[in-house]
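Residue numbers (this note's numbering), protein chains in the order written: chain A, 98 to 394; chain B, 488 to 1076.
Derived from the structure by calculation, the hints contain no laboratory data. Incorrect hints may have been included.
Derived CB-CB ranges, DEER-like [as the list claims (entries may be wrong)]:
| hint | chain 1 | residue 1 | chain 2 | residue 2 | range |
| --- | --- | --- | --- | --- | --- |
| 1 | A | A386 | B | S584 | 22 to 30 Å |
| 2 | B | G888 | A | S293 | 27 to 35 Å |
| 3 | A | A386 | B | A957 | 29 to 37 Å |
| 4 | A | N223 | B | D847 | 51 to 59 Å |
| 5 | B | Y837 | A | A252 | 51 to 59 Å |
| 6 | B | A887 | A | R218 | 31 to 39 Å |
| 7 | A | A386 | B | P565 | 24 to 32 Å |
| 8 | A | R218 | B | A939 | 33 to 41 Å |
| 9 | A | L369 | B | E947 | 52 to 60 Å |
A few chain A positions that, by computed beta-carbon distances, are all more than 10 Å from chain B [unchecked claim]:
| hint | residue |
| --- | --- |
| 10 | L172 |
| 11 | L198 |
| 12 | Y216 |
| 13 | L290 |
| 14 | A323 |
Glycine included, every Cβ here is placed at the ideal spot set by N, Cα and C.
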Amino acid sequence: MTVLDEPILLADPAETAASPRGMWRTALGLWRTRVGLGLLAGLVALAVIGPWLAPYGETEFVGTPNLRDVEGATLGTDYFGQDVLSRFLYGGRSILVLAVLSTALALVSGVTIGLVAAYSRGLVDNVLMRLMDINLAFPQLLLALVALTTIGPKAWVIVLVVGFTTMPRIARVTRGAAVPVVERDFVSAAQALGESRFRILRSEILPNVSGPLLVEANLRLTYSIAIIAALGFLGFATSVNAANWGLMIQENKGAVSVQPWGMILPGLAIALLTVGTGLVGDGLARAAAGIDRKKAT
Amino acid sequence: MPVLVIDGLRVDVAGDGPDIVDEVNLEIAPGEVVGLVGESGSGKTTVGLAVLGHARKGVRVVQGSVSINGREMLTLKPQQLRQARGDLVSYVPQDPSTALNPALRIGKQLMEVLEYHDFGGSDQARRDRVDEVMAEVLLPSSRHFLRRYPHQLSGGQQQRVGLAMAFACRPAVIVLDEPTTGLDVSTQAHVLETVRDLCRRHGVAALYVTHDLAVVANLADRVAVMYAGRVVESGPTTSLFDNPAHPYSRHLIAAAPDITGQRATVGLAGRAPSPGRRPVGCAFAPRCELATEECTTAFPPVVEVAAGHEVRCVRPWTVPARTEAGPVSLPGPTAPADATLVVQSVSASYVGHRVVQDIDLHVGKGECLALVGESGSGKTTLSRAIGGLHHEWKGQILLAGVPLAHSARDRSVDQRMKIQYVFQNPYSSLNPRRTVGDSVARPLMIAGASKAEAADAVGEMLSRVSLTGAYAHRYPDQLSGGERQRVAIARALVSRPDLLVCDEVTSALDVLVQAAIVELLADLQRDLGLSMLFVTHNLPLVRSIAQRVAVMAAGHIVELDTTVQVLSEPKEEYTRRLLEDTPQVPVYE
Chain A
98 MTVLDEPILL ADPAETAASP RGMWRTALGL WRTRVGLGLL AGLVALAVIG
148 PWLAPYGETE FVGTPNLRDV EGATLGTDYF GQDVLSRFLY GGRSILVLAV
198 LSTALALVSG VTIGLVAAYS RGLVDNVLMR LMDINLAFPQ LLLALVALTT
248 IGPKAWVIVL VVGFTTMPRI ARVTRGAAVP VVERDFVSAA QALGESRFRI
298 LRSEILPNVS GPLLVEANLR LTYSIAIIAA LGFLGFATSV NAANWGLMIQ
348 ENKGAVSVQP WGMILPGLAI ALLTVGTGLV GDGLARAAAG IDRKKAT
Chain B
488 MPVLVIDGLR VDVAGDGPDI VDEVNLEIAP GEVVGLVGES GSGKTTVGLA
538 VLGHARKGVR VVQGSVSING REMLTLKPQQ LRQARGDLVS YVPQDPSTAL
588 NPALRIGKQL MEVLEYHDFG GSDQARRDRV DEVMAEVLLP SSRHFLRRYP
638 HQLSGGQQQR VGLAMAFACR PAVIVLDEPT TGLDVSTQAH VLETVRDLCR
688 RHGVAALYVT HDLAVVANLA DRVAVMYAGR VVESGPTTSL FDNPAHPYSR
738 HLIAAAPDIT GQRATVGLAG RAPSPGRRPV GCAFAPRCEL ATEECTTAFP
788 PVVEVAAGHE VRCVRPWTVP ARTEAGPVSL PGPTAPADAT LVVQSVSASY
838 VGHRVVQDID LHVGKGECLA LVGESGSGKT TLSRAIGGLH HEWKGQILLA
888 GVPLAHSARD RSVDQRMKIQ YVFQNPYSSL NPRRTVGDSV ARPLMIAGAS
938 KAEAADAVGE MLSRVSLTGA YAHRYPDQLS GGERQRVAIA RALVSRPDLL
988 VCDEVTSALD VLVQAAIVEL LADLQRDLGL SMLFVTHNLP LVRSIAQRVA
1038 VMAAGHIVEL DTTVQVLSEP KEEYTRRLLE DTPQVPVYE
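Kindly produce the complete structure, drawing on both the sequences and the hints.
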């Protein structure tokens, strides 16, 4: 009988750079990922439990508008005489929820389209990806504004329109990552066994592109936060007087010289939120590419 | 007077890392070709690059010297080094298609080399030199040809351009790093002929780095065998192949397939230790059946066993019993009436371009039919059509008398289970995100087995391919190439197929691993009564496994007969030429 190759002892396979688990582990060794995660955790906690900490209600009047020294209102009142701190503590939730939902929508649809295109090749690939190109040709914010002005500033419209315009970007990255995987022999092996197309996409190809997708999802979340905040600033918040960081900046920009808190606070929060997600995405990307590998270990 | 002298070379992983190669001494005289042979990871390429004064990223030359014509290469400044490369020493890389700049015409690339080194002093002299060197590598030097881009040339022509660039400035030393891997045998034979001729004629010292013993046996004047970073044996080619003194060299030669069938190929357990995992004493001791305590204390010193023949072994010329295999013995061919697979006038095409023409063949029950051909002969397309992976074909493929659908998806579950395919590259045929157990169990799950049944069958099949059940929980990247190919074979066999299609299953593996896989397949075929279609470009290998051979060329079967008949008395001119061009490891008695 034949002989046995001596087995070798390598690191846990999940730790190889391209697998999501290994990527997280490597990324967590980098300062940028840790700082990013810290910022995110802080801001998410603030947005989630903020409303319970707020001294006043979301739309409660506490005094004369645009004052810095108001009894009971630590950071003063805003343009409408509401408590700035309370408005700020209420205003994070909607941005976060909308950004996460729209990124999730973009991820599901974009990954599906990208995988199907990469696996089918030929006509299907061409039709799908050219449709994505058409979508990409329109500026994201402009498309969002058109939808919001025609249908109205509803939460589901924001999620749909931001998700829809983010989708082609994710589809392109997915397709790019999946094309070389499709050509590998284990996919042929699955075809020879007669595996269904769905199963091949889900079990053979998807796990092998999850690394780059993780990075992409993070990047797109950063962009979604920025866009939804921008929409708020432009006045397209879900309800007219609900607190919203983007809207707050717009509302209080007129009085920035006398009462800056109404603008600084939400502006800072949005900046830190995008910087946080950006740092995490950057850390993951570096882990996937193997930059700083020595430093991380 | 040797032109190249490597003395006590040691190369480490940078930053206190372990040694990659150590104690390498080598001398090459003008006009001499020295073959540096070793398996992947033996350090042979590291030595080859050190001759150019180069160390790969993360690697550092820490000791020793490399001198060419008395000039030390390892201490040159970058500017001097650039000048020396091309002038003094040049390099022919493995893959010419990536080594040539795809955006530049080949004439321009040749001129660039000469201009950089200011060869000849004038443009006219350089142009004359281009014409001359093109003639030397047997390529046309017409303006028209020199204006071509690399992609407009065949693989053999590209490698000739690579040779022309290396020889252009008349270097004293040339390093060739597996320059014929990936070329067809006939192209390889011609390129090797050119290399030999040019070195002789111009007195160039050549270091030929390769894993292919057969090539070295036919090309080199002297051979150095590397194992785990050290040269374990070196000597004149005839002396070394005649009577190898080191047990590892013996194993290498025993693993090389023999076209005459006088000796069966023999594999070897274990693998070469990687840098940092090398044992104290002789690195080969853990795999050596002759090893004694003495071998594990210190690395054996160099012993000169014959004129110019040196070995690092405490008992040179002791023959390991396992390497003395008898002639190949295979069960005889079976009657055509009992065929598992029948292919009837099958033609296949790629987007309308016909690549397989009107093929008729059958594979008998328990028989192995080898499908041999050069690249582009259509052998893989035909095998993929049989496996249901290539859909553009017409004709009939019958499994146990029942015609098969074109696509695997349109075939019945039973039919899919009865034909199994093993792919060429074990590094790409297993899903890296899935455990070995999951991959092997998949065919059974499709056939409707329960998890427990599948797990039992997987454990049994893994032990059949000489792995243990413990492998089921590992991931592919924890396995060696040979182990991965065993897993791929286990996956193919777990559904108890009638027909196994093996597509170049050993071409990505080292020779010792290849021998072990071929032994395994022959054993399994006998034990399980498998029918097998063994697709390969390696003619000598066929002798160890197949009862019959079909030789394919340009989409046709040019010759189909018993293996003994085809290999010893080929009827067709094409087969004869193929056999002549195939380098052989000499068999001495």
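Against the structure, the hints come out as follows:
{"no.": "1", "hint": "A386(A) - S584(B): 22 to 30 Å", "verdict": "holds (26 Å)"}
{"no.": "2", "hint": "G888(B) - S293(A): 27 to 35 Å", "verdict": "holds (28 Å)"}
{"no.": "3", "hint": "A386(A) - A957(B): 29 to 37 Å", "verdict": "holds (33 Å)"}
{"no.": "4", "hint": "N223(A) - D847(B): 51 to 59 Å", "verdict": "violated (39 Å)"}
{"no.": "5", "hint": "Y837(B) - A252(A): 51 to 59 Å", "verdict": "holds (52 Å)"}
{"no.": "6", "hint": "A887(B) - R218(A): 31 to 39 Å", "verdict": "holds (33 Å)"}
{"no.": "7", "hint": "A386(A) - P565(B): 24 to 32 Å", "verdict": "holds (28 Å)"}
{"no.": "8", "hint": "R218(A) - A939(B): 33 to 41 Å", "verdict": "holds (39 Å)"}
{"no.": "9", "hint": "L369(A) - E947(B): 52 to 60 Å", "verdict": "holds (58 Å)"}
{"no.": "10", "hint": "L172", "verdict": "holds (50 Å)"}
{"no.": "11", "hint": "L198", "verdict": "holds (28 Å)"}
{"no.": "12", "hint": "Y216", "verdict": "holds (14 Å)"}
{"no.": "13", "hint": "L290", "verdict": "violated (6 Å)"}
{"no.": "14", "hint": "A323", "verdict": "holds (33 Å)"}
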